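So the chains spell out like this:
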Amino acid sequence: MSKPLLCVFFLLISLAAFSQKKFTVSGTIRDESTGEQLIGASVIIKELPKNGAATNSYGFYSITAPKGEYTLVVTYIGYEGLVKQVSLDQNQTINIGLSSKNGLKEVIISANKPNNDNVASPQMGEEKLNMSQINNIPVVLGEKDILKTISLLPGVKSAGEGNTGFYVRGGASDQNLILLDEATVYNASHLFGFFSTFNSDAVKDVTLFKGGMPAEYGGRLSSVLDIKMNEGNNKDYTVQGGLGLISSRLKVEGPIVKDKGSFMISARRTYIDVFFKASKDSVLRSSSIYFYDLNAKANYHFDDNNALYISGYFGKDILLLKNTFGTNWGNSTGTVRFNHIFNNRLFSNTSLVFSNYNYAIEDFQSADYFKATSQITDVNFKEDLQYSMGNNHTLKFGINILHHTIAPGNITTNSTSSFNNLSIEQRYGFENAAYVSDDWRATDKLTFLYGLRLSGMFLLGPGTFSTYDAAGNTVTSTTYAHGAAVKDYFNLEPRFSASYQLNDQNSIKASYNRNTQNIHLLSNSTSSTPTDLYVMSSNNIKPEISDQVSTGYFKNFNENIFEFSAELYYKWQQNQIDYKNGAQLLINQNVESQLVYGSGRAYGLELFLKKKYGRFNGWIGYTLSKTENKFAAINNGNYFPARQDRTHDLSVVGIYQLNKRWTFSGTFVYATGNAVTYPTGKYQIGGLTTFSYSERNGYRMPASDRFDIGATLEGKEHKKYHSSWTFGIYNIFGHWDPYIITFRKSKTVPNTTEAVETSIFPRPIPSVTWNFKF
Amino acid sequence: MNKGILYITLILIGFAATSCTKVIDLKLNNDTGILVIEGNITNIPGMQHVKLSQNVPFTGTNTYPPVTGANVIVSDNSGNNYQFKEGPAGTYSINAAAGIAGRTYTMKVITNGKTYTATSVIPAPVTLDSISSKPGDFNKSKNLRNIVVHYQDPAGTANQYRFVLYVNSVQVNDVFAYNDEFIDGRYVNLELLENNINIHPGDTAKVEFQCIDKPVYTYWYTLMEQQQNAPGGGGVTPSNPPTNISPATLGYFSAHTTRRETIIVK
Numbered sequence: 001m002s003k004p005l006l007c008v009f010f011l012l013i014s015l016a017a018f019s020q021k022k023f024t025v026s027g028t029i030r031d032e033s034t035g036e037q038l039i040g041a042s043v044i045i046k047e048l049p050k051n052g053a054a055t056n057s058y059g060f061y062s063i064t065a066p067k068g069e070y071t072l073v074v075t076y077i078g079y080e081g082l083v084k085q086v087s088l089d090q091n092q093t094i095n096i097g098l099s100s101k102n103g104l105k106e107v108i109i110s111a112n113k114p115n116n117d118n119v120a121s122p123q124m125g126e127e128k129l130n131m132s133q134i135n136n137i138p139v140v141l142g143e144k145d146i147l148k149t150i151s152l153l154p155g156v157k158s159a160g161e162g163n164t165g166f167y168v169r170g171g172a173s174d175q176n177l178i179l180l181d182e183a184t185v186y187n188a189s190h191l192f193g194f195f196s197t198f199n200s201d202a203v204k205d206v207t208l209f210k211g212g213m214p215a216e217y218g219g220r221l222s223s224v225l226d227i228k229m230n231e232g233n234n235k236d237y238t239v240q241g242g243l244g245l246i247s248s249r250l251k252v253e254g255p256i257v258k259d260k261g262s263f264m265i266s267a268r269r270t271y272i273d274v275f276f277k278a279s280k281d282s283v284l285r286s287s288s289i290y291f292y293d294l295n296a297k298a299n300y301h302f303d304d305n306n307a308l309y310i311s312g313y314f315g316k317d318i319l320l321l322k323n324t325f326g327t328n329w330g331n332s333t334g335t336v337r338f339n340h341i342f343n344n345r346l347f348s349n350t351s352l353v354f355s356n357y358n359y360a361i362e363d364f365q366s367a368d369y370f371k372a373t374s375q376i377t378d379v380n381f382k383e384d385l386q387y388s389m390g391n392n393h394t395l396k397f398g399i400n401i402l403h404h405t406i407a408p409g410n411i412t413t414n415s416t417s418s419f420n421n422l423s424i425e426q427r428y429g430f431e432n433a434a435y436v437s438d439d440w441r442a443t444d445k446l447t448f449l450y451g452l453r454l455s456g457m458f459l460l461g462p463g464t465f466s467t468y469d470a471a472g473n474t475v476t477s478t479t480y481a482h483g484a485a486v487k488d489y490f491n492l493e494p495r496f497s498a499s500y501q502l503n504d505q506n507s508i509k510a511s512y513n514r515n516t517q518n519i520h521l522l523s524n525s526t527s528s529t530p531t532d533l534y535v536m537s538s539n540n541i542k543p544e545i546s547d548q549v550s551t552g553y554f555k556n557f558n559e560n561i562f563e564f565s566a567e568l569y570y571k572w573q574q575n576q577i578d579y580k581n582g583a584q585l586l587i588n589q590n591v592e593s594q595l596v597y598g599s600g601r602a603y604g605l606e607l608f609l610k611k612k613y614g615r616f617n618g619w620i621g622y623t624l625s626k627t628e629n630k631f632a633a634i635n636n637g638n639y640f641p642a643r644q645d646r647t648h649d650l651s652v653v654g655i656y657q658l659n660k661r662w663t664f665s666g667t668f669v670y671a672t673g674n675a676v677t678y679p680t681g682k683y684q685i686g687g688l689t690t691f692s693y694s695e696r697n698g699y700r701m702p703a704s705d706r707f708d709i710g711a712t713l714e715g716k717e718h719k720k721y722h723s724s725w726t727f728g729i730y731n732i733f734g735h736w737d738p739y740i741i742t743f744r745k746s747k748t749v750p751n752t753t754e755a756v757e758t759s760i761f762p763r764p765i766p767s768v769t770w771n772f773k774f
Numbered sequence: 001m002n003k004g005i006l007y008i009t010l011i012l013i014g015f016a017a018t019s020c021t022k023v024i025d026l027k028l029n030n031d032t033g034i035l036v037i038e039g040n041i042t043n044i045p046g047m048q049h050v051k052l053s054q055n056v057p058f059t060g061t062n063t064y065p066p067v068t069g070a071n072v073i074v075s076d077n078s079g080n081n082y083q084f085k086e087g088p089a090g091t092y093s094i095n096a097a098a099g100i101a102g103r104t105y106t107m108k109v110i111t112n113g114k115t116y117t118a119t120s121v122i123p124a125p126v127t128l129d130s131i132s133s134k135p136g137d138f139n140k141s142k143n144l145r146n147i148v149v150h151y152q153d154p155a156g157t158a159n160q161y162r163f164v165l166y167v168n169s170v171q172v173n174d175v176f177a178y179n180d181e182f183i184d185g186r187y188v189n190l191e192l193l194e195n196n197i198n199i200h201p202g203d204t205a206k207v208e209f210q211c212i213d214k215p216v217y218t219y220w221y222t223l224m225e226q227q228q229n230a231p232g233g234g235g236v237t238p239s240n241p242p243t244n245i246s247p248a249t250l251g252y253f254s255a256h257t258t259r260r261e262t263i264i265v266k
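In order, the protein sequence lines correspond to chains A and B.
417 is the number that this note's numbering gives to position 417 of the first sequence; each next residue is one higher, with no gaps.
2 is the number that this note's numbering gives to position 2 of the second sequence; each next residue is one higher, with no gaps.
Note that these hints are calculated values from the structure, not bench results.
Please read these numbers as outputs of a predicted model, since none were measured by experiment.
Don't take every hint at face value.
[Claimed, not checked] Cross-link-like lysine-lysine pairs, in silico, DSSO-like; alpha carbons within 30 angstroms at most:
(1) A:Lys487 <-> A:Lys542
(2) A:Lys445 <-> A:Lys396
(3) B:Lys134 <-> A:Lys747
(4) A:Lys322 <-> B:Lys266
(5) A:Lys371 <-> B:Lys214
(6) B:Lys27 <-> A:Lys630
(7) A:Lys235 <-> A:Lys720
Isolated chain A, as found in the complex:
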């Protein structure tokens, strides 16, 4: 940061500190019945509307105001609002419990109006998902899914049918930072992308940033998906679960020490192999394919100011062909966090985070026996501080020290095998960062959220590091000792967003942010295979850089029941990665010789209309966008559409609560087809008819559209237990959505060729799940 900028920054801080006699009220906001902390609940002082705060990830809020008598108004979506009189004549702690609205009560608009946070907050490009909405949205095979629901939001596009990969504002799917309790989840999909790794039973809060990323997040270009697990009920023991056609799940939670500590364990197992039992193939019939995952969390509050959280995730996918072949892959994460409240204004969180993704492929046949493994392991130390300065400034600052170990590939074989033992050198590196940001309510109407993140990438020895010429031949090779610095990169990432409120219900916002990325997914397959390979920025690979500007108009109407927003964005991306023809990415010591580098640009318009409350709620999201890449070696160096370039993308979600027991829902999606490369001719080579190609991604897959419906039937009320049924029909009109288009020798007309379209779910897929809770 330049010196003058630094001066202005500190001037702002010192101005903020200078003030008349003020006092601070702070505390934690929780769900009254379960003790779960509520994230992002709004707390305002009615008499001083610009003195507002939202609770942080741990339910903590802090508001400072001059001495006086005030009315504190606390609101949170899905909960009864609360009004509390406060005499502010000294610093004080006020912990608040909100009670959740349930059943039909939700229909009645409560006495206090829904808040207008989305209009007032300077944050742009932020989407918060409500778990109860996720639970009502129908999905394929009945397994509710966070990632699928996210792809129904504007600016977010699903990577395709049966695929949980998603693209945010034109970014590739490895440009999303997916965090589960602060731990990076490298592969967010189960079963080739048909399911996501997130068990919605175990999830409390989902926030997606597709632009204007706050400075505390970094490391990926396009988005941050921040998922927080449930803490567990600290009042009572409960057991809940579901039995579905292809999966079952169970969750147990309860107090460790009542009101002080609680735990939550949630598990899931699929039995999708039933599909195989119907197969005519005896080998497929005897093979298995399934996944399981486990989420666990415990917390203990030593006192009002100190709390410890431990959480973990473990998931595994297994695919086994009897006596022939097996593969498994999975993520595991672990997070230990310690919250300390120094005083009413200063909140600290210290985290130690572990994350691992690994896969193994094994061929059991003696003639070609091998076992190949690969993994990436992260250990991350984070210190995050939040300081409410009063005078309408909330500062956040912290550091992050992240160590990566990447084992790109290891092959073990036996003496009868056709294969050699092989071990690709491990790679080590640190991704470190420091950040500071300030949320500043400058006037009643004008608010800023601005900050700066300094990121540093340090690639370390031991190992041999090569450089390559354009043809991929090794030019130099240097061997480094343990811990020796191979290459480092520093990047300054400014983040800025501002909101100007025209009046209570209308605002305009603008933002600029730069993001950098030092860990890159190499995969030249468009399908979701488990063999994901990650590499760090290196002597060959430069950090990917993205600059994004966006502006938007936000409006609420009908007493904040309706939200409308229109956002425009433009993104420039540097140092993007693509692959040479015939690139060999898997288990290759010289994998970096297989890469080419280019740039990209993306721009678009997102429209969003949401009805948040009422018997009937839901949203319409529409995106008009363009995403293009440019590589010297591809398409004569001209811009070409990225695969994920989707001109139109429309999602409609509707949820209707008929009565106390029945809730109906429907979703409709329409999207322009992916940009793909089709042949522009054919010729004969090597005795085979082969296709010739001209333009990269010059064609479009057919557009896809789909209508899904769902219904939830709540069981009759019992004192001891509660049950419900969830029904769903995916693709109710049986619309033929294209999955892949291939070209082959014609099966009907001899001596010609034909194009063949494959659809995964070309007919309605019904599902039913029975849920229980006691």
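For chain A, the structure is supplied; the task is to place chain B on it using the hints.
Chain B alone, transformed into the frame defined by chain A:
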């Protein structure tokens, strides 16, 4: 190794049990009339051919117009020059000579006022031990066979191989190109996995075994990756494979050793 990925792809296809396919009409642009050069120099006398043709629209029949009247010369780095003669139309060949392992061959094609050149080296030959058949891993009820090739890979050198498989004299519509990155110095039993011709006991299987140089391997490997049943499931963005011919056009020039083995499938 690629077999692993291939299996994942096959099981995935099996998993998507509800999936369906249909033939569709696509509006495709035509970028046709491009020269296709396919040049092969082998260590067997009488098997030196350079074929010239043009590509045609996707929607047409699979008949490719020959390019006639070209001047085709192949020379080696020992000072030999061979003038190829045309016959039949578009096929240029020379009868007497054979390539010699270790030599570098340069092809020169002059057609339509343009000169195309390419070079390729015949690698040291590797002996194909034998070929055999074994029951396939899928579709047991159909009693299908896979063809397995057996050979000793020489240790310490980089080797690249291409296999061409014929079943009852019909060429299998798949490219098989492998290098020795994972098998250097091993005795190799390699299954030629394919699913476009069903092989049953009693069929005649013929394998042509080629030792090719690196650029030619990259050419065939790229084609192989783009096959529907290849590792990656055909999900790789397709493109014309990188040719060793300059200026670039469709096709390749390969100097290689070749050897053929035939068995009756058991």
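Now the hints, each set against the structure:
no.	hint	verdict
1	A:Lys487 <-> A:Lys542	holds, 10 angstroms
2	A:Lys445 <-> A:Lys396	holds, 22 angstroms
3	B:Lys134 <-> A:Lys747	holds, 28 angstroms
4	A:Lys322 <-> B:Lys266	holds, 24 angstroms
5	A:Lys371 <-> B:Lys214	holds, 27 angstroms
6	B:Lys27 <-> A:Lys630	holds, 25 angstroms
7	A:Lys235 <-> A:Lys720	holds, 16 angstroms
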